[in-house]
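Protein chains: 2
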Amino acid sequence: MWQLLQFPLCPFSRKVRVLLAEKGVGYEPVREHPWERRDEFLDMNPTGQVPVMVDTARKIVLLDSMAICEYLEETVDKAAMLNGTAADRAEIRRLVTWFDVHFYRDITALLLHERMEKRIVHRAAPDAKLLREAMKAAVAHLDYIDYLLDHRTWLAGSTMSLADLAAASQISIADYLGGIDWKSHEQAKRWYVGMKSRPSFRPLLAERMPGINPPTDYETLDI
Amino acid sequence: MWQLLQFPLCPFSRKVRVLLAEKGVGYEPVREHPWERRDEFLDMNPTGQVPVMVDTARKIVLLDSMAICEYLEETVDKAAMLNGTAADRAEIRRLVTWFDVHFYRDITALLLHERMEKRIVHRAAPDAKLLREAMKAAVAHLDYIDYLLDHRTWLAGSTMSLADLAAASQISIADYLGGIDWKSHEQAKRWYVGMKSRPSFRPLLAERMPGINPPTDYETLDI
Ligand SMILES: N[C@@H](CCC(=O)N[C@@H](CS)C(=O)NCC(=O)O)C(=O)O
Ligand SMILES: N[C@@H](CCC(=O)N[C@@H](CS)C(=O)NCC(=O)O)C(=O)O
Chain A
1 MWQLLQFPLC PFSRKVRVLL AEKGVGYEPV REHPWERRDE FLDMNPTGQV
51 PVMVDTARKI VLLDSMAICE YLEETVDKAA MLNGTAADRA EIRRLVTWFD
101 VHFYRDITAL LLHERMEKRI VHRAAPDAKL LREAMKAAVA HLDYIDYLLD
151 HRTWLAGSTM SLADLAAASQ ISIADYLGGI DWKSHEQAKR WYVGMKSRPS
201 FRPLLAERMP GINPPTDYET LDI
Chain B
1 MWQLLQFPLC PFSRKVRVLL AEKGVGYEPV REHPWERRDE FLDMNPTGQV
51 PVMVDTARKI VLLDSMAICE YLEETVDKAA MLNGTAADRA EIRRLVTWFD
101 VHFYRDITAL LLHERMEKRI VHRAAPDAKL LREAMKAAVA HLDYIDYLLD
151 HRTWLAGSTM SLADLAAASQ ISIADYLGGI DWKSHEQAKR WYVGMKSRPS
201 FRPLLAERMP GINPPTDYET LDI
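Quick note, the sequences are listed as chains A and B, same order. Our numbering numbers the first residue of the first sequence as 1 and each following residue consecutively. Our numbering numbers the first residue of the second sequence as 1 and each following residue consecutively.
If you're looking for bench data, these hints aren't it; they were derived computationally from the structure. Errors might be hidden in some of the hints.
Straight-line distance between alpha carbons at most 35 Å, and here's what the computed DSBU-like set of lysine-lysine pairs gives [what the hints assert, rightly or not]: (1) K136/A / K118/A; (2) K136/A / K23/B; (3) K23/B / K59/B; (4) K23/A / K78/B; (5) K118/A / K189/B; (6) K59/B / K136/A; (7) K59/A / K59/B; (8) K129/A / K78/B; (9) K118/A / K23/B; (10) K59/B / K189/A; (11) K118/B / K59/A.
Treat the numbers as computed from the prediction; the structure is a model and nothing was measured.
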């Protein structure tokens, strides 16, 4: 049985969990707060980051969300999320990196620091200027999603892929933390509501980080 | 014919170029300086980053060095660099990310900013404190390489892999910029000299960035 070390507001863990659910792979979620820097956890992963996926019986430790997703793609046929030609797969992978690196750096990481870490670790108030910067960056990223959806049904092409999972995971955490305003982004919103309504996604939206509450629309499926 | 947009001191471009050479794939290197933020380049890649690999005739544009390497692994059989079981491949991929993200952030990016960008773009002197921080971080990373080589012939296991290419690429740029001191790292040094001596690597070591000179040992193969 897989164990997945994670916490509810980690977008990379969410991406892996949605993929596990789409593929029907069972796992036990185990809470790990990287900011506590547990010695046993640091011994397991020198980056000190979640997610980490472990199968103790088979002595397998998988580190880094993209390496974990590639592993699941290689070992589980169901719900393939890297489809098409080699060039199609390259397009999916570069979009996963786009959301994991750039959306995360510009938006999710800022919001997590201001609204979660500052509260839990430093007991400090968020910086309003940084929150505004994250929301401004989110508008640019939603514009880019609208642009992709002008030409495509899903973000990377004609079928759902890991790019959709990566994007929806980042967006849902940013949304939980009050960073997303859907105004003038009807196309992106329709795509995101489609992602939210999936049985793989809905249970994750029901999870809460103690002391931090999402906005009222966070779980709803209205367009 | 592939074109690769890059500049000589970009470690991600170097990783792709070593892989292309190992696989015997021909390409034309095209100079692109991302800090010039050329409009046509930004239209091609929203991250504004090199490397970008293009085949104009076949209308293929590949973005992000990892997506490019996965593409080459999928399309060219020669010199496979993601070998073994799914778990072995996950270990290779997480190490590639370790060097591309953590080594780059802690060492290469700092040195590139202080010793290259400041000189070329800002015409300013490097900050001695930041250079010392990068060199200190390099010692910790070389320790980790020594630790990996205590248990393995190559960084990710018993055969050469993309992890070795990624690590050697970051190290060689850090070395060019004076950030590497091999003292007390005999094991890592022996591995790196092996990488340097490869026909895929040597031509890259002969390239220079105008106005920035590497230390005398940069190209030599002495142990
Ligand atoms: N490249 C990693 C990034 C994971 C990551 O940044 N996780 C965050 C939580 S969302 C973390 O553990 N941060 C703690 C730290 O960086 O010290 C992946 O895709 O797995
Ligand atoms: N994840 C990218 C990173 C590439 C990257 O950071 N390239 C640097 C040059 S070494 C760059 O173009 N930087 C310009 C910028 O970020 O604006 C990849 O692996 O291709």
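Quick rundown of the hints versus the structure:
With a CA separation close to 21 Å, the supplied pair K136/A and K118/A stays within the 35 Å bound. With a C-alpha separation of about 43 Å, the suggested pair K136/A and K23/B falls outside the 35 Å cut-off, and the hint is violated. Annotation: proposed proximity of K23/B to K59/B holds, straight-line Cα distance about 22 Å (limit 35 Å). Using a Cα cut-off of 35 Å, the hinted pair K23/A and K78/B holds, with the two alpha carbons roughly 32 Å apart.
Among the hinted pairs, K118/A with K189/B is inconsistent with the structure: their alpha-carbon atoms are about 42 Å apart, more than 35 Å. In summary, the hint linking K59/B to K136/A is supported, as the alpha carbons are separated by about 33 Å, within the 35 Å threshold. Of the pairs offered as hints, the one joining K59/A and K59/B is violated, with about 44 Å between alpha carbons and a cut-off of 35 Å exceeded. Using a Cα cut-off of 35 Å, the hinted pair K129/A and K78/B is violated, with the two alpha carbons roughly 52 Å apart.
Proposed proximity of K118/A and K23/B is contradicted: the alpha carbons are some 48 Å apart, above 35 Å. Using a Cα cut-off of 35 Å, the hinted pair K59/B and K189/A holds, with the two alpha carbons roughly 31 Å apart. About 47 Å separates the Cα atoms of K118/B and K59/A, which puts this hinted pair outside 35 Å; it is violated.
Hints 2, 5, 7, 8, 9 and 11 from the earlier list are contradicted by this structure; the remaining hints agree with it.
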